[in-house]
Amino acid sequence: MGGLGSVSAYYLAAAGIGSLRIADGDFVEAGNLNRQILHGTGDIGKPKTQSALEKLRNLNPYCDITPIQSILTDENILDMITGCTVILDGTDNLKARKILNRASILKNIPFVYAGVNGFTGMVSTFIPGETPCMECLSFRDTGQNEPIGIIGPTPGVIASIQSMETIKLILGIGDLLIKKLLVFNGMNMTFRKIEMEKNPDCPVCGRNTEDRQFNDSLNKVPK
Amino acid sequence: MNDTMEITVNGHKETVPGSSTLHSLIQHFKEYDGDLIVEHNGRFIYSQKYAETTVREGDVVEFINPNIGG
Chain S
1 MGGLGSVSAY
11 YLAAAGIGSL
21 RIADGDFVEA
31 GNLNRQILHG
41 TGDIGKPKTQ
51 SALEKLRNLN
61 PYCDITPIQS
71 ILTDENILDM
81 ITGCTVILDG
91 TDNLKARKIL
101 NRASILKNIP
111 FVYAGVNGFT
121 GMVSTFIPGE
131 TPCMECLSFR
141 DTGQNEPIGI
151 IGPTPGVIAS
161 IQSMETIKLI
171 LGIGDLLIKK
181 LLVFNGMNMT
191 FRKIEMEKNP
201 DCPVCGRNTE
211 DRQFNDSLNK
221 VPK
Chain E
1 MNDTMEITVN
11 GHKETVPGSS
21 TLHSLIQHFK
31 EYDGDLIVEH
41 NGRFIYSQKY
51 AETTVREGDV
61 VEFINPNIGG
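As they're listed, the protein sequences go chains S and E.
First residue of the first sequence? That's 1 in my numbering, and the numbers climb one at a time after it.
First residue of the second sequence? That's 1 in my numbering, and the numbers climb one at a time after it.
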């Protein structure tokens, strides 16, 4: 329920989505408030899922919202996503994205990836078995632990696009960002779509994974 | 083959060696620090293909850093 999740949860609850599971292990901080629009000054110190739940229920009391105040782990992810129609990426680190990506493939649930940094953002919709997966992109963990600076409207733009993708997925309409990486640059106000194919050397969905057996613990998927 | 050619890199016209590959361009423009996405004529190019992907006159290349914040 950070910059991305604040916006997508709001729009999806507003759209009348029947049920949402919102997961976050963090607590609201003052530095969040430039972009995490589900939270306000009076929420500082609260668990983010609690703060989010209050606003989302006020917006749409008919949406069945399940808050999960926890970080994503290999041990809890399958319980988190089992039964879901779509997984929306609202994470802020590569490790969590990999957990979501692998669970998406294991459970055959579409995964709408998004990421932001400063004035830029990216979105793509990954359909297990049909498109590249997120790890085809070979993002490497550079070990950077410093917070990533994000101008407030950037996740506003990107999460709005995620929400639109999700609604189209559920309704089965429109053209999705499949096999396409949408790249937004707010400094020069450009959108670009980069065509993508599956990466045959992907450690998760590449051709060499045919003999690999995924199991519920996800432990046998290469890290 | 010409010694140099003109391509577009990150939106700017650039003169580069005529026998460039994506790998050599990454070195030339010092894009080897950190993480990298390479777009070549609108297509995402995986890193294992950088050395074998040749660049021609008029090509468009973008070096992009992945966004993982949220």
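In case anyone wonders, no lab produced these hints; they're calculated from the structure.
Treat the hints with care, as some may be off.
Unchecked claim - Partner residues are not named here, just some residues of chain E that face chain S (Cβ under 7 Å, in silico):
1. Val16
2. Gly18
3. His28
4. Phe29
5. Glu31
6. Asp35
7. Tyr46
8. Lys49
9. Gly69
This structure is a prediction, so every number in the text was calculated from the model and none was measured.
We put the beta carbon where it would ideally sit given N, CA and C, even for glycine.
The hints, checked one at a time:
Against a cut-off of 7 Å between C-beta atoms, the interface hint on Val16/E is violated, since the closest Cβ of chain S lies about 21 Å away. For Gly18/E, the suggested interface contact is broken, since its CB lies about 26 Å from the closest CB of chain S, more than 7 Å. With 7 Å as the threshold, the beta carbon of His28/E stays out of range of chain S, its nearest partner Cβ sitting at about 21 Å, so the hint is violated. The beta carbon of Phe29/E is not positioned within 7 Å of any beta carbon in chain S (closest approach about 18 Å), and the interface hint is therefore violated.
Using the Cβ-Cβ criterion of 7 Å, the hint placing Glu31/E at the interface with chain S is not satisfied: the shortest such distance is roughly 14 Å. Taking 7 Å as the C-beta contact cut-off toward chain S, the hint placing Asp35/E at the interface holds, the least distance being around 5 Å. Below 7 Å, beta-carbon pairs count as interface contacts, and Tyr46/E has one with chain S at about 5 Å; its hint therefore holds. At its closest, the beta carbon of Lys49/E sits 10 Å from a beta carbon of chain S; the interface hint therefore is violated under the 7 Å criterion.
Interface restraint check: Gly69/E against chain S, minimum CB-CB distance 4 Å, threshold 7 Å, status holds.
When each numbered hint is compared with the structure, violations occur for hints 1, 2, 3, 4, 5, 8.
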